[in-house]
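K.L.:
In case you want the letters, here they are:
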Amino acid sequence: MTIAQKILARASGRPHVAVGDVVEPAVDLAMSHENAALVINQFAGMFEGTSREPRVWDPERIAIVFDHRVPAESAKTATNQKRVREFVRQQGIAKFHDIRGDEGGICHQILAESGYDRPGAVIVGTDSHTTTHGAFGAFAFGIGATEMAAVWALGRVLNVEVPATIKVVVRGALPRGVEPKDVVLRLIGQIGAEGANYRVLEFHGDTIARLPMSGRLVLCNMAVEAGATSGIVPADEVTLHYLRAECGVTDPVEIAPPGGGAEYERVVEVDAGNLAPQVACPHTVDRVKPVTDVAGTRVDQIVIGSCTNGRLDDLETAATIVAGHHIARDVRMLVFPASWRIYREAMRRGYLETLTHAGAVVMNPGCGCCLGVHQGALGDGEVALSTTNRNFKGRMGNPKADVYLCSPAVAAASALTGVITDPRG
Amino acid sequence: MPTVVFVLGDDVSTDAIYPGRFMATVLPSETPQHAFADHTAFNAKLRAGEVPPGSVIVAGQNFGCGSSREQAASCLRGPDLTVVARGFARIFLQNAINLGLRTIICPEVEASEGDELEIEAGEVINRATGKRFEIVPLPAARQAIVDAGGLIPFVRQSLMPKPGASMRR
Ligand code: SF4
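Line order of the protein sequences matches chains A and B. Okay, so the first sequence: first residue is 1 according to the working numbering, each after it adds one. Okay, so the second sequence: first residue is 1001 according to the working numbering, each after it adds one.
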């Protein structure tokens, strides 16, 4: 069985599941962000007329993280957040991360760095980028708010069709100036925005084995941009070390031995050793070109951050490139670290100082301008170059603007010139 | 007979159906005003009540890709639209079923604005062109949720205390 099959079999109490089987796996972790407000509404609806008190199935297994609009941008959001806080208190939700400098950040980063993600777990989230958590060898996928309400009530996901798996083999050492983001952009360009629809992407190969957790998170985060239900990197010593050393996890962690006999629908290969930096062009994530093809394109706003590329190594890359320089006169550079923990460490190491000296604006951790609801909107006809994961029309708040996606290295190099620039010099 | 009111191509994202800037609006009763907000002509018609219930949106592959926001389904459910698409993105289709939005998977569908469609068991017939297109049925487990009227009533059934019966369906 594939990793997804093994996890779904275990979670549904079956010795074996086949592709296409419909199962109802028990949930290990259920995550929501501000949209918990809608989940609460639907959850209440499910109990209406049942003469039962609405109670979540297990408050220890629910995580709620405020990140999409923090601090609240409007009275409406603030009121929703207030409602969610009341619900959290009333139900005793254990894994709650409020708008705070000691524990806040983007939901996907918080789950990862808090040690909530575990190999072999079934993780659902009311956010499409829940695929991120497959980086820990978990089966993690996005669901809607009403679906989540059912999970809160029953502790399982209804009607999950066991998906087929595409094996992605990535080989070679990443050349200088080429990052995990380039690998996943290349892959999406290769297979298309629906190339993995209703499928799992399972990552293998020597490039993946050497990749630290931060890079694995990038790959799984963007798996959904190829339509994948889930992206999975098999758990190994790297996973275990991260959980122990970075997250302070002390309880037993099981790393399932790589079982043979998995049946893959197909195998896709990516040659990382000869890869150039990649850029996704407006307005779909699969319009991917080597940076050399779009170099020279004028840029108004550079964005470094998000659940894709707002981690410490991303900020380090950006700081190293802009150190001692000033960004181009006509460019705005917005940096939003993925969590406050990352923010503090970047501050301690001087990255934030370097970045602001160069002209960047460092914003508070959170989703920031990634989805166009909070800060950093674009003007009509403006162009953004961003390390986030989506460039759909209107994504950054203005349907009359263009968004290009790239790695932190491309973004930082381009900030210095004001045009899309190859970071390899 | 339902009329096609809007024809779209492939990869229509939830950002196009329900832009992120309206995400603070969550209640299904309030989301329809922002449906296709950036397609101003269609949005204006919807808001003016000029789109009759049961009208059809025809789309290509991967309709509803991108964000999991459920508003993208509830904003179309409110005015009681039907979406006939060549294919749907996974989360959107699930949300649509859960909320009772009528979704028809019709891999070959071809239609233009103003065409009348007959949606029958198994096929869509375009009355303007006379062409027939096969419908791919939903998996049985999903159809059960549609038949229950959506996920809320479906789950409610299993939460109802039934003496002697187990909690599970
Ligand atoms: S950073 Fe962007 S993609 Fe990630 S969770 Fe926030 S809005 Fe979604």
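Keep in mind the hints are simulated off the structure, nothing from the lab. The beta-carbon is built from N, C-alpha and C at its ideal position, and this holds for glycine as well. Fair warning: there could be bad hints in the mix.
[To be verified] Mimicking BS3-like on lysine-lysine, the simulated pairs with C-alpha atoms at most 27 Å apart in a straight line are:
1. Lys1045(B) - Lys400(A)
2. Lys1045(B) - Lys393(A)
3. Lys82(A) - Lys95(A)
[What the hints assert, rightly or not] Label-pair ranges, simulated between beta-carbon atoms:
4. Pro15(A) - Gly1049(B): 42 to 48 Å
5. Ala1148(B) - Gln90(A): 25 to 31 Å
6. Gly92(A) - Glu1113(B): 50 to 56 Å
K.L.:
A separate judgement is required for each hint: does it hold in the structure or not?
P.N.:
Results for each hint:
{"no.": "1", "hint": "Lys1045(B) - Lys400(A)", "in the structure": "holds (22 Å)"}
{"no.": "2", "hint": "Lys1045(B) - Lys393(A)", "in the structure": "holds (21 Å)"}
{"no.": "3", "hint": "Lys82(A) - Lys95(A)", "in the structure": "holds (17 Å)"}
{"no.": "4", "hint": "Pro15(A) - Gly1049(B): 42 to 48 Å", "in the structure": "violated (56 Å)"}
{"no.": "5", "hint": "Ala1148(B) - Gln90(A): 25 to 31 Å", "in the structure": "holds (28 Å)"}
{"no.": "6", "hint": "Gly92(A) - Glu1113(B): 50 to 56 Å", "in the structure": "holds (52 Å)"}
Going down the numbered hints, you'll see the structure goes against just number 4.
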